[in-house]
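Listed below are the residues making up each chain.
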Amino acid sequence: METTRREILKGAGLLLILGARANPGGAPQTAAAAGSYDPHQHLWAMTIDIDKCIGCGHCVRACAQENDVPEEYFRTWIERYEIDGSNLEHPTVTSPDGGKHGFPPSSETRTKQFFVPKLCNHCLESPCVQVCPVGATFHSPDGVVLVDESYCLGCRYCVQACPYGCRYIHPEKLTVDKCTFCYHRITKGLTTACCEACPTQARVLADLKNPADPVHAFLRENKVQVLKPHMATRSKVFYRALDGAVR
Amino acid sequence: MKGRWQNSIHLIRPAAVFLAGLVLFLVVRVFVVPPTFGQFGHYRGAVLDEIRALPVKYAGQQACAACHEEETHLKSKGKHASVACETCHGPAAQHAEDPGSVRPGKPEETALCAGCHEMDAAKPKWFPQVNTKEHMAGMRCLECHPAHDPAP
Chain A
1 METTRREILK GAGLLLILGA RANPGGAPQT AAAAGSYDPH QHLWAMTIDI
51 DKCIGCGHCV RACAQENDVP EEYFRTWIER YEIDGSNLEH PTVTSPDGGK
101 HGFPPSSETR TKQFFVPKLC NHCLESPCVQ VCPVGATFHS PDGVVLVDES
151 YCLGCRYCVQ ACPYGCRYIH PEKLTVDKCT FCYHRITKGL TTACCEACPT
201 QARVLADLKN PADPVHAFLR ENKVQVLKPH MATRSKVFYR ALDGAVR
Chain B
1 MKGRWQNSIH LIRPAAVFLA GLVLFLVVRV FVVPPTFGQF GHYRGAVLDE
51 IRALPVKYAG QQACAACHEE ETHLKSKGKH ASVACETCHG PAAQHAEDPG
101 SVRPGKPEET ALCAGCHEMD AAKPKWFPQV NTKEHMAGMR CLECHPAHDP
151 AP
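Chains A and B, in that order, give the protein sequences. In this text, residue positions in the first sequence follow our numbering: the first is 1, and each later residue adds one. In this text, residue positions in the second sequence follow our numbering: the first is 1, and each later residue adds one.
A few of these clues could be false.
With a straight-line cut-off of 27 Å between C-alpha atoms, the simulated DSS-like cross-links for lysine-lysine are [said to hold, decoys possible]:
no., chain 1, residue 1, chain 2, residue 2
1, B, K125, A, K112
2, B, K125, B, K77
3, B, K79, B, K106
4, B, K57, A, K173
5, B, K133, A, K112
6, A, K209, A, K223
7, B, K57, A, K188
8, B, K106, B, K77
9, B, K133, B, K106
10, A, K228, A, K209
11, B, K125, A, K223
Derived, one-sided and incomplete: chain A residues facing chain B with beta-carbon distance under 10 Å [to be verified]:
no., residue
12, C53
13, E82
14, F103
15, L146
16, T187
Since the hints were made in silico from the structure, they are not lab data. Every residue gets a Cβ at the ideal spot worked out from N, C-alpha and C, and that includes glycine.
Assemble the whole structure, with the sequences as input and the hints as a guide.
Here it is in structure tokens:
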């Protein structure tokens, strides 16, 4: 009698596991059928090489043109860091108009200076997604943090939650706006507007699920870092040659 | 039997109200929640296709190379090989769709060149930079450095 009961439980457990495998979380099959792009086959990320950024602002301008970013708001921007000797705690950070029109040239050679392009880090554990009360901001299956404008209330929780300052309220739509990794481009086989326009390939879009993507060699061969690793956001924008002073 | 029901009527009434509320909630929910909500997660699944449908403005290097073979070949051998066409010429998706009527503007050369190559201590040392005031001596950039193959 005891063995049959055990067998029944075993069988039921097996059925449960098989059932869960057959239909993982609803109906992703319909999406795969909708177009040739299957979001489950990709995981988008970006690499940024500080040693290649010249602060020209092409990325900021291209982003604004591609995505109709309003004046004085930025989905991506460039910061110039200036560090005096060992004073890592107090760098001078400037970003005139987000670096959109470049930076006034500096001839100061006694300090350490470099440019840091910034954008949404498309974190795997995003604070912004966690705080959205209505399901307007979310992780897409291919690892992009997106906003459903028709759902966003404009409550600004996510704007405050983002540790990287990557979100703003669109002055006309009054909903939140942010970098989409140019989702409308990358899902058609193009790269993002910022990566397309970058003249030195300081930024490169990467697909972590594509074994042929050069990102794997980049991550293997370089010392990389993400911004604010102590926030445990699992950022997917990987910086090479990032200085410790960068916030 | 009758007495038993009468004793519990004060429980049945709120239970009926609760049930009616539950049914109302479920009915309203069917109409209010969009059909694709929850398809991939706690959001409207259809929004992915809506975002994908946004217009592209930068056509991409391959679209340029498909027609402009000569410039692409010239550029691929030179120091500007890593610079995409649209970095200097601006977004050209409309031009790629209708090459006859929409033409990208000509970049304003000196300002554009200086935007990248002006001497700046914050730029990486490997990057070619000049102090344009001293370097140009009243000449134009393109007189010495053809943009597609700028080697001196």
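Evaluation of the provided hints:
1. Restraint check: the Cα-Cα separation between B:K125 and A:K112 comes to about 12 Å, which is no more than 27 Å; the hinted pair holds.
2. Taking the CA atoms of B:K125 and B:K77, the gap is near 23 Å; set against the 27 Å cutoff, the hint holds.
3. Straight-line distance between C-alpha atoms of B:K79 and B:K106 comes to about 20 Å, which keeps the hinted pair within the 27 Å bound.
4. For the proposed pair B:K57 and A:K173, the alpha carbon gap of about 21 Å is at most 27 Å, so the pair holds.
5. As the CA atoms of B:K133 and A:K112 are separated by approximately 24 Å, the hinted pair is consistent with the 27 Å bound.
6. Between A:K209 and A:K223, the direct Cα distance comes to roughly 21 Å. Compliance with the 27 Å bound is thereby established for this hinted pair.
7. A distance of roughly 13 Å separates the Cα atoms of B:K57 and A:K188; the hinted pair therefore holds under the 27 Å criterion.
8. Between B:K106 and B:K77, the direct Cα distance comes to roughly 22 Å. Compliance with the 27 Å bound is thereby established for this hinted pair.
9. Under the criterion of a C-alpha separation no larger than 27 Å, the hint pairing B:K133 with B:K106 is consistent with the structure, at around 23 Å.
10. Using a Cα cut-off of 27 Å, the hinted pair A:K228 and A:K209 holds, with the two alpha carbons roughly 24 Å apart.
11. This hinted pair checks out: B:K125 and A:K223 have alpha carbons roughly 20 Å apart, not beyond 27 Å.
12. Restraint check, A:C53 versus chain B: the minimum CB separation of about 8 Å is within 10 Å; hint holds.
13. For A:E82, the interface hint holds, since its Cβ comes within 10 Å of a Cβ in chain B; the closest pair sits about 8 Å apart.
14. Given the 10 Å rule on beta carbons, the hint for A:F103 holds: about 7 Å separates it from the nearest Cβ of chain B.
15. Restraint check, A:L146 versus chain B: the minimum CB separation of about 6 Å is within 10 Å; hint holds.
16. With 10 Å as the threshold, the beta carbon of A:T187 comes within range of chain B, its nearest partner Cβ sitting at about 5 Å, so the hint holds.
In this structure, every one of the numbered hints holds.
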